[in-house]
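Both chains come to you apart, so use the hints to assemble them.
From first to last, the protein sequence lines are chains G and Y. Following the numbering used here, the numbering of the first sequence begins with 1 at its first residue and continues without gaps. Following the numbering used here, the numbering of the second sequence begins with 1 at its first residue and continues without gaps.
Simulated from the structure, these hints should not be mistaken for laboratory data. Since the structure is predicted, the reported quantities are computational estimates derived from the model, not experimental observations. For each residue, glycine too, the CB sits at the ideal point set by N, CA and C. Warning: the hint list may mix true and false statements.
Label pairs and their computed distance ranges (CB to CB) [as the list claims (entries may be wrong)]:
1. Y:Val156 - G:Ser44: 52 to 62 Å
2. Y:Arg171 - G:Ala30: 36 to 46 Å
3. Y:Val249 - G:Phe94: 23 to 33 Å
If the Cβ cut is set under 7 Å, some of the chain Y residues that face chain G in the computed set are [as the list claims (entries may be wrong)]:
4. Ile133
5. Leu221
6. Leu235
7. Ile239
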Amino acid sequence: MSGRAPRRTGRGFVAPALIWTLAFFMVPFAVMAAMSLATLDGRSLVWGLSADNYARILTTPYLRRAIAVSLEITAIVTVISVVLAYPLAWIIAFRVPERWQRLALVLAVLPFWTSYVVRSYSWLLVLAREGVVNQALIASGLIAEPLTLANTRTATVTGFVHFFVMLLTLTIYANLVQLSPNYRRAATDLGASAFQTFRHVILPLTLPGVVTGAFLTFVLCIGDYVTPQILGGNNELTVPQVIMVQLGRRADFPLASALSVVLMGIVTLAYLGSARWLRLDRL
Amino acid sequence: MTRVLPWLYLCLAFGFIYLPVGALVLFSFQDGSLPVPPFNGPSLKWYGAVLADRGLMAAMLNSLVVAVGSSAVACALGFLAAYGLARHALPASGLLRAALIAPMTVSYLIVGLGLLIVFGRLGIGLSLWSAGIGHVVINLPLCFALIYAAMGGQQVNAERAARDLGAGEWRVLALVTVPMLAPAILAAFFLAMTFSWDEFIIAFLLTRFDVTLPVEIWSLLRSGLSPKTNAVGSLVFVISVILVLGLEVFVFRRRRQ
Chain G
1 MSGRAPRRTG RGFVAPALIW TLAFFMVPFA VMAAMSLATL DGRSLVWGLS ADNYARILTT
61 PYLRRAIAVS LEITAIVTVI SVVLAYPLAW IIAFRVPERW QRLALVLAVL PFWTSYVVRS
121 YSWLLVLARE GVVNQALIAS GLIAEPLTLA NTRTATVTGF VHFFVMLLTL TIYANLVQLS
181 PNYRRAATDL GASAFQTFRH VILPLTLPGV VTGAFLTFVL CIGDYVTPQI LGGNNELTVP
241 QVIMVQLGRR ADFPLASALS VVLMGIVTLA YLGSARWLRL DRL
Chain Y
1 MTRVLPWLYL CLAFGFIYLP VGALVLFSFQ DGSLPVPPFN GPSLKWYGAV LADRGLMAAM
61 LNSLVVAVGS SAVACALGFL AAYGLARHAL PASGLLRAAL IAPMTVSYLI VGLGLLIVFG
121 RLGIGLSLWS AGIGHVVINL PLCFALIYAA MGGQQVNAER AARDLGAGEW RVLALVTVPM
181 LAPAILAAFF LAMTFSWDEF IIAFLLTRFD VTLPVEIWSL LRSGLSPKTN AVGSLVFVIS
241 VILVLGLEVF VFRRRRQ
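So that you can see chain Y by itself, here it is in the shape it has in the complex (with noise of 0.2 Å):
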């Protein structure tokens, strides 16, 4: 008994961790109008309705170009930050890093309606733009979390020797410090990019007419259930994983290397 109680628990456990995910996935290629048993299918009639969707696709697209760009920003900021109080002896550091770090600690919703409230204010209209600001700001302790503690002692040496080689300090960090760093790096912008692509409230609140992937998602679920938000979602979730996996082979495989 207690030799097989571990497996049925480990069973019951993914049992329900796949549940909800098996049946997005299952009733996306639902042949009829209702996501629900019995299943009939299997149909791509609703992956074609998503990509017909003009609304969707440019969702996706915008999704696509604010996590990139809220990313690139986030990192660029975060890198700097890092060799900033890793390699120059900074009064007050221990502030100045709390504050960076600040922003982890306080919920989406908070951070939204701090931005709204300011850009309504100052009479700055909503768009892409706010959102993809908002998601530097939530990134930004990350990446400089991340590349901060890959900052060891490791690259000091090579950065001096370049030094004493002439390189001026922006031709250190370029040629020396940034590729030595690269694998942080790339793990703090995929992480960004899909915290970003999958973050919704800070979306929500700070964006109008062009939208991101989850606010129009959030548009279709007032519908109810149907098989094409199944299949969007399903996609979505595939992208995802791509990224994940992109991840862990790119960046997490070289690491260990």
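Just chain G, same shape as in the assembly (with noise of 0.2 Å):
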């Protein structure tokens, strides 16, 4: 820009942040990528460049259940999560009267503000042998004895999918009432119902906007080791879950290390899938 602002001194401003993120993010994942390429000999660490990690991963029936329990939930609740949050979105955009409209929204999402481990626990609380839906149940007569709700996968969904569709709530909320208003007078005036209004202008309008938020449920999702934890029980372990296992009791840091990069993998496949819809600039 002007000479008075030499090229040195942006350097200057820019080289704190640029400092911190190599030495606390680039450095410490290279080493991990470096570690899932290393080798446990009994309990002693031995660098190289093997792959044995991710043979592992790849005919350990355990490892690949958890991937595919993983991705599993991970579809489940993306799909249900858009499939819930766009009505709600739709609803509030152009149902409720604009003066009520930022109330709605922001009650929409007010939950989104508990703390992330007492949310999932709170669902405990809902879906225990004694809680609340229980009760409700067995007090109206649908049914005489308690389900089994808790420790499912029913609950890790039932507890992501609350999550997440306020997040989408927001996002394609922002999406909709970015729409200019004539687009649907057009559709409308054209003879287009109400229907044909929505899957045919509307939805492709804000499929960008869908699409961003999917993506971004599927990478908070799968990395996610709270949720599952709580509210899933120990009958099937999603990846986060299994390297938690590894870290903690077994100290198997190169396998942990490998299923993280897997992990990476798996979020850079899905950024690949969608990239041609994604606006994350747009957020």
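Here it is in structure tokens:
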């Protein structure tokens, strides 16, 4: 820019943040990647370029199962969350009177700010054997014996969906209100039904926002340890849970690192798969 | 039918969203040892138990210190980087921006694991400091992006005028740029604070004896359902809501004016 502000000063301003990111993010990440190629000999670490850990992930049934479970749960959660959040965002954007919209939106995302750990615990209160849902169902005479709801995949999915419906409602709402009302008016004038307007006009226009939200959901969901650990029980483990098991009892850092790299790989694939619709800069 | 349907859906959705929070808050007032129906009470005894719990209170203070400290560092570093990149033509500035944003794309578990390995190799003990370092890593991209986005052209002329009047680079920064960008900096600070305050997995991996509140709550969960956990959860919820409302009132309202 101007000659008064030489490049060296500019670099000086960026340097602290850059050094921090290098020292505490990129170097640790590189060390972790190197660690995934190391092996354990008894309890001592042998650095090297071994693909053993990755081979173990591919061949050990319980590790393969964890990847499958993580992918299944994440896919289910992403689809259900989008399907539930879209109508909610739609109703807040187009049905709720304008002066109440902001309030409705704030109310819809307020529980987002409960502590993450506590939010999963709250679902335990609702889904436990003596919890709210079971007691309500028994009191209404619909069931005689309490259902097993907690410590199941259903509980994990419910906890996740609760969190991501709020997130997606926010992002989809932001997309819907950006649309000019003229699109809807023009479609109606040309004789489109409400559904046709949605299917051929609104949905394609909001697709980038929806895909961006869905991608965010995918990334946050597949990397989360807390929700499956609290709500899912120990019948089936997700990848983050397996990573934590390796870190804890076994202190198998190489395998934990390899699993983390696999997790990163999955996220990268998801990114590449949805890149043409993603608008990460417009969140 | 089609008139009622949207409102019915709205009510159901809000019911779903508030069901767990409602159960959490209601049974924090339970007069008994199980936070499940039937509700007896209201009683404040579990709030008393929380306030009397030294571990929880210490953890709450730790969380507050880590949140304020790490957010301040993240904001300062983010602001300087945003200033450097917005006001100076730097070689490879696109690459620099990408490097600063990169931690946002990686899950917290992996950020924490990387730091855990490096601290372990270097023989650095785990403490609130290591957790704070991790929180700066995850909040720096956020602070940088928010402040960088707010650095429009409108401040450039004021900065140039100050320089023409003889102010040095740091005085321009402190007396012109920072005050003009205060809303964005405050927004970044508050948001970073709520993230750090609530962050679990990095703090879990990187602390040992002194822990933050989410980690302390995590160890409470091992004893199963308890109204005490409800009480501390409700307290955290109220504090977070106050933080968010503070953000809304002080930062966003001022920006709109």
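Taking the hints in turn, this is what the structure says about them:
1. Y:Val156 - G:Ser44: 52 to 62 Å: holds (58 Å)
2. Y:Arg171 - G:Ala30: 36 to 46 Å: Since arginine 171 of chain Y and alanine 30 of chain G have Cβ atoms about 39 Å apart, the given range 36 to 46 Å holds.
3. Y:Val249 - G:Phe94: 23 to 33 Å: holds (28 Å)
4. Ile133: holds (6 Å)
5. Leu221: holds (6 Å)
6. Leu235: Not OK, violated: leucine 235 of chain Y not within 7 Å of chain G, min 10 Å.
7. Ile239: violated (9 Å)
Comparing the model with each earlier hint shows violations of hints 6, 7; every other hint is respected.
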